[in-house]
Amino acid sequence: MAIPTRTRPVAQQGRRAKEDRTRDSHSFATRPYDLVKEFVAALIAVSLLTVGLAAIFSSPDEPAITMAGWAEAAPNDVVATAAAELAGTSTSASYGAPYNSAAEGQKVLRAPLQKWGGVRIPVDSAALVLAPLTQARADAPTMAALATWRSAAADTRIGWATAYADALGKAPDGNPAAVAAGSYGPVPVLTRSFLDVALSGGLEGQLTSSGNFYGGDQTRALLLLSDGAYLEDSARAQHLGGDQWGMMNETGDYPGQPWMWLYTFWYQVPPFSTSENADAQVWALMMVLTLGLMFLPLIPGIRDIPRLVPVHRLIWRDYYRDHPRRPGQAH
Amino acid sequence: MSSVPRAERVHRPPDSWTNALRERIVSTVPPGQALPDRQPVYVSSWIYVFGVLTLAALTVVVATGCVLAVGGSAWWHVSSLGHFVNSLHLWSVELFFGFMVIHLWGKFWMAAWRGNRVLTWVTGAVAFLASIGTAFTGYLSQSNFDSQWISAEAKDGINSIGVGAWFNVLNPGQMLLWHVVLLPLAVGAITVMHVVLVRRHGVVPPIDAEDGE
Ligand code: HEM
Chain L
1 MAIPTRTRPV AQQGRRAKED RTRDSHSFAT RPYDLVKEFV AALIAVSLLT VGLAAIFSSP
61 DEPAITMAGW AEAAPNDVVA TAAAELAGTS TSASYGAPYN SAAEGQKVLR APLQKWGGVR
121 IPVDSAALVL APLTQARADA PTMAALATWR SAAADTRIGW ATAYADALGK APDGNPAAVA
181 AGSYGPVPVL TRSFLDVALS GGLEGQLTSS GNFYGGDQTR ALLLLSDGAY LEDSARAQHL
241 GGDQWGMMNE TGDYPGQPWM WLYTFWYQVP PFSTSENADA QVWALMMVLT LGLMFLPLIP
301 GIRDIPRLVP VHRLIWRDYY RDHPRRPGQA H
Chain X
1 MSSVPRAERV HRPPDSWTNA LRERIVSTVP PGQALPDRQP VYVSSWIYVF GVLTLAALTV
61 VVATGCVLAV GGSAWWHVSS LGHFVNSLHL WSVELFFGFM VIHLWGKFWM AAWRGNRVLT
121 WVTGAVAFLA SIGTAFTGYL SQSNFDSQWI SAEAKDGINS IGVGAWFNVL NPGQMLLWHV
181 VLLPLAVGAI TVMHVVLVRR HGVVPPIDAE DGE
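Residue numbers (the UniProt record's numbering), protein chains in the order written: chain L, 1 to 331; chain X, 1 to 213.
Read the hints as simulated data drawn from the structure, not as lab findings.
The model shown is predicted, which means the values in this text are computed figures rather than measured ones.
Glycine residues also receive a C-beta, built at the ideal position from the N, C-alpha and C atoms.
Possibly wrong hints are sitting among the right ones.
Some chain L residues close to chain X (C-beta under 8 Å, calculated; not the full set) [claimed, not checked]:
id, residue
1, R31
2, K37
3, I121
4, P255
5, W261
6, A280
Bound conformation, chain X alone:
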């Protein structure tokens, strides 16, 4: 701070953690760009819809998961309504991944990491990974034959790299908590970062587009 030239220091608000945090929040996304009502003219392709579709599918996944949670972990085995909610949960997950993978390939072919957007790509990739972990623990939390078999198979992989004791796929209590608390929090947080980064930089311009064209 002391290296800031005198003239500039005058215009800064007095130093405080609160001010620093506010500055940080305010400057993360340029004014008006958090939820703009206009987009650059080049944003005209169906591929742009897939990011939003992924977000929408994630919303449905979380909502249906919350309904499943109301009845407890074994409810869906004994209730036809529970089974239907489980089907909703399953199919929204399949859609979520389908949209996400199309989104990923779209962003690849657009080289959408250009112009300081590398972190947007990285957070997207981490979201993909965290989502795979979440879906995987979901399969282990089903308390049915699939859970038995998938966990019996998966333990060898996770044990082979020495972390099977901390992430014990044979312990459905642990897997259920990862599935409904830890990993969804991770996916949610990384998704928020991802979308904020997209708004921070705006949608990437076409390859070879000139500044301000």
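For reference, chain L alone in the conformation it holds in the complex:
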């Protein structure tokens, strides 16, 4: 069989060829060209440029937030977060799939994609607080508080924790010491001990190891951290908030991931900036646009733009100079 790319005489090419007469290049006049030399020169140039940029600008490395750091910098936030985990009102507790079935999750065109994904990484938000307390073999009052919590009915527990979370919200600065008296059961003791565990520096280990010496999965620790306000406050201070073109940037004045601008862009404008389903909608839109980019050569109208806007006459100006268009030649 003939090599499929070999140029055949125009007469044999049939209808398809009339629409697109562009030939393989192998039949055009040529001139010497050293591809290997071009690549080696490019490699040297890029290497030098990289070394230069790295030497001048370095790279950012803001240390990760530790649980102890969080507890020191924002103890009230840790207590409030722990109360919300126990009350089942934190972001993770009310998230839905893949962590729990507390919410329907987001939808695209009514299709509950998030729910369909299933609860495959089960996370019990109350356990984010209770498990470390249990493992930490805390002091007697904490153990007693744990026992009280465990023996209470679910409604009672929720009632205590919700009341305490609300009271914290009303206290000046969320300060646990300034909370009005109320019926909070063992919750104040539990959250206070939780703060101590966090301060001791052992919390991330307890959340990540889940019985395995090697740990390595930060899911629960990161969910807990992002249930608090401290992570987001720290990010906002670095201009990394979701409505500040958040995740495409990085700390400091570094370029980050500018190639994600289009994805991040949608979050900044309505209807997405105000939608409950923004994540799913933006993802769906980006998938459609991505398919559009991939199959752009097949989309009438868009694929004709480069023919109509004569940037190509600039790119190939040498060629067009030497091959002026003949009168009457189709454009």
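Got chain L; can you put chain X with the ligand on it based on the hints?
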């Protein structure tokens, strides 16, 4: 095979998987076009350099990534040499994307998908996507504040379409492996396909150029 006319069958090598594969390899790129020492006369513009620059930057990205891997995932936090290698890795990535985007726009304005080159464009677009995924998992593998924040933000997007459990951005062990194994393999493989396709068809002729002019 049985429908091949008798006269043609005589000239074919005996059927075997090996022969079929060899035929396929040999006929993928026309003879002499894999690494030609000549180019069509119309190949004279700086825009052509950007494909090669992208390839060169990818080479630097992979090389610096390999050096980072030698010291392990936390090395660059504690070693000034490690930090410098990380800077090399970061800036070569920025250059890689810069070159690639210019290359993409160049190919758009040249309508470089003409003449059976649609697959070249498609593989390029997939390379772009796979590269975005690779860079993204790179940010998640830094084990610093950026990783914490970016993963906390990104989980909502990926969970909203129901795949967050399989691609768990909060699991840095998984993200690191995607970043250093799976996605680089994907980018590498698609780039090889892309470049082979470019050599298969040769560089696209100017818009409205006549055959063999
Ligand atoms: C990993 C990223 C990429 C690499 C390493 C790469 C590399 C190359 C190289 C070396 C060439 C030949 C030289 C040239 O014409 O510039 C080329 C051609 C081409 N590239 Fe890419 N490219 C990449 C991404 C893309 C993207 C994102 C697109 C567009 C969506 C694209 C579309 C094309 C097309 C259509 C050609 C054929 C040009 C022709 O026939 O004249 N490439 N690429």
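Minimum beta-carbon distance criterion (8 Å), R31 of chain L to chain X = 5 Å, holds
Should the interface hint for I121 of chain L be scored as holding, given a Cβ-Cβ cut-off of 8 Å against chain X?
-> 5 Å, holds
Chain X contact restraint for P255 of chain L - C-beta distance below 8 Å | 6 Å, holds
Hint check, A280 of chain L versus chain X [nearest Cβ-Cβ separation less than 8 Å] | 4 Å, holds
Tell me if K37 of chain L is really an interface residue toward chain X, meaning its C-beta lies closer than 8 Å to one of theirs.
-> Since the shortest Cβ distance to chain X is 10 Å, the answer is violated.
Given hint W261 of chain L near chain X, where the shortest CB pair must fall under 8 Å = 11 Å, violated
In this structure, the hints that do not hold are numbers 2 and 5, in rising order.
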